[in-house]
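Enquirer: As a plain string of letters, each chain reads:
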Amino acid sequence: MTTFAHELKASYAFMERNFFLTRRYWGWEIAFLVYSVAGALSISLIGADQGSPRLLLLLMVGAIFWNYLSVVFSWIAETISVERWEGTLEYTMMAPIRRWSQLLGSVLYAMLYGLIHTAVILVVLILFFPQLDFTGANPLTVVAFMLLGSFSFVGIGMIAAILPLLYVERGAQMTFVLQSCLLLVSGVYYSIDILPGWMQVLSHLSPATYVLDGVRKGLIDGAPVTALLGDVWPLVVMGAVLIPFGLWAFGRAERYAKRTGKLKRVG
Amino acid sequence: MTATVLGQQKIARPNALRGAGKAAAIDTAVPALLVEGVTKRFVVGRKRKPVVAISNVSLRLERGDIVGILGANGSGKSTLIRLVSGLLTLDSGRVSVFGFDIERDELEVKRLINRVSVDAAFFKKLSPMENLLFAARLYGLDVAGAKREAVAILGRLGIGEKRVGRPIEQMSRGMQQKVAIARALLTSPALLLLDEPTTGLDPRSKLDVQTFIEELRETHDASIVLTTHDLDEAERLCDSITVLAGGRTVVEDTPAGLIAAEARRMGRPATLHDVFMTHTGRSLDDDVEEGEADDIE
Ligand SMILES: Nc1ncnc2c1ncn2[C@@H]1O[C@H](COP(=O)(O)OP(=O)(O)O)[C@@H](O)[C@H]1O
Ligand SMILES: [Mg+2]
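From first to last, the protein sequence lines are chains A and B. Quick note on the numbering used here: the first sequence kicks off at 1 and runs consecutively. Quick note on the numbering used here: the second sequence kicks off at 268 and runs consecutively.
Among the hints, a few may not be true.
Unchecked claim - Label-pair restraints from in silico Cβ distances:
1. B:V297 with A:H204: 37 to 47 Å
2. A:I126 with B:L374: 23 to 33 Å
3. B:D469 with A:R23: 27 to 37 Å
4. B:P317 with A:C181: 35 to 45 Å
Unchecked claim - Below, computed lysine-lysine pairings styled on DSSO-like, alpha-carbon distance capped at 30 Å:
5. B:K429 with A:K258
6. B:K414 with B:K391
7. B:K414 with A:K9
Derived from the structure by calculation, the hints contain no laboratory data. C-beta atoms are modelled at their ideal positions from N, C-alpha and C, and glycine is treated no differently.
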């Protein structure tokens, strides 16, 4: 077997294991899905309440795509913390695989899981608001931005995943805070123009800002991707920088953890 | 190593073939494990001075042998195992596994070793089979074959096929430890690192595990490093013993050699316990004051 095939097989190991976990925790999965649907629905209802189809759509896009991005982000960011929690981290680190195959497995599972999760929410919302009119929407733009956004979120997820390697206890908490900050500055439910100036600086650093802007313009105004290059290039740049950086940083963090004994100390 | 002859005396059913094969291998082949002057320090907290967990330790393990690492809590046994496992980096010294350097030939070494730690580390909500399947895929094993093998190993350890599908958290500690051993064996490691595999087990499980290790050395071509708290276990299973205290090797020899020397010194029949007392100044059950117990996860 070639090395590459072996590594892909290892990636699949992580996907399958995550699937096993999802299956075992199916009760929680359903509870979480209901929570996500209810959250998206109640936020969208604010738009319906205001009698504004446009606001309804703006909020709906925010709720749905934030859900997708945060689900992808957390699966990747928890790659390490879950194993630390269960105590399996040392065993995984001992396996004869390259780190990228581990991360690739986590990423692919995260995206698959995120897509299914988000599709369910989308279907419920469309059924709930039959008055919505998508005739003018540009689906290609929506798909393009979801894909582009995934790359950047994978990069950020990887960097977040490192934190539990560096900080045994605080790492997972930092990841959580990072995610919350992304929610705040990315204009998920409002225009970033209303944020204080210093926050807007952060908005421009968050890939979610561009994803949401692009998806909204594609879905509501029917804008083609070519008309949204201002949202495209930051995502391309962030993806191209963050993913290699994430991989590099992961290697460094692993080395640091092995030097200082942060992988595990008891036993 | 003189342990070949002694080892055979110790085992109830000595395997003539194994002995012959080993004798041939001893002179020509590289050792299963070679640890040369290894040191590892930990800095915990900014102001405290570093803890020297392993200090200039050397070790040589021939193929097919079992070396026992004895030491009180905090003497550095697990740190040594982790250094060999590549889970900690070396401050100084060298470690090679079947001639492969653990730093330079990282992936090759990883394919050759596996480890069982004192805590059975699993995804507790998943079943033994799901956990083992994950390990099998990480080591690039054929999945159908690995499943059969897993059932066989678990069966040999007394875990029936019915149990392999239920969550690990529903199993006793003894059972979990057996699954951990199965996980390690599944990948057919040439060097098996057992870090207190029987500590905290009920007497029955403990005996099962010991018997299994004994069987392993006879039937598999595995070389084993075994850390333990149990002197009888060490005497029964090991070809040679290294005693650690405060991260240093204080004495090493075959179990019989250690006991004979101690008997000469004391002028009466001795036990491994006497050996341990003499060389470390304490009983194996005394706990060493740990640097900082408070920052353990
Ligand atoms: N990851 C770590 N971080 C800091 N100190 C550690 C770590 N691992 C071990 N130590 C310290 O090194 C010493 C040896 O520990 P260890 O190897 O676990 O001993 P044993 O396994 O023999 O009980 C102890 O003082 C312990 O506190
Ligand atoms: Mg230990």
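Enquirer: So, for every hint listed, does it hold in this structure?
Expert: Checked hints:
{"no.": "1", "hint": "B:V297 with A:H204: 37 to 47 Å", "verdict": "violated, 58 Å"}
{"no.": "2", "hint": "A:I126 with B:L374: 23 to 33 Å", "verdict": "violated, 49 Å"}
{"no.": "3", "hint": "B:D469 with A:R23: 27 to 37 Å", "verdict": "holds, 32 Å"}
{"no.": "4", "hint": "B:P317 with A:C181: 35 to 45 Å", "verdict": "holds, 36 Å"}
{"no.": "5", "hint": "B:K429 with A:K258", "verdict": "violated, 39 Å"}
{"no.": "6", "hint": "B:K414 with B:K391", "verdict": "holds, 19 Å"}
{"no.": "7", "hint": "B:K414 with A:K9", "verdict": "holds, 16 Å"}
Against the hints set out earlier in the document, violations occur for numbers 1, 2, 5.
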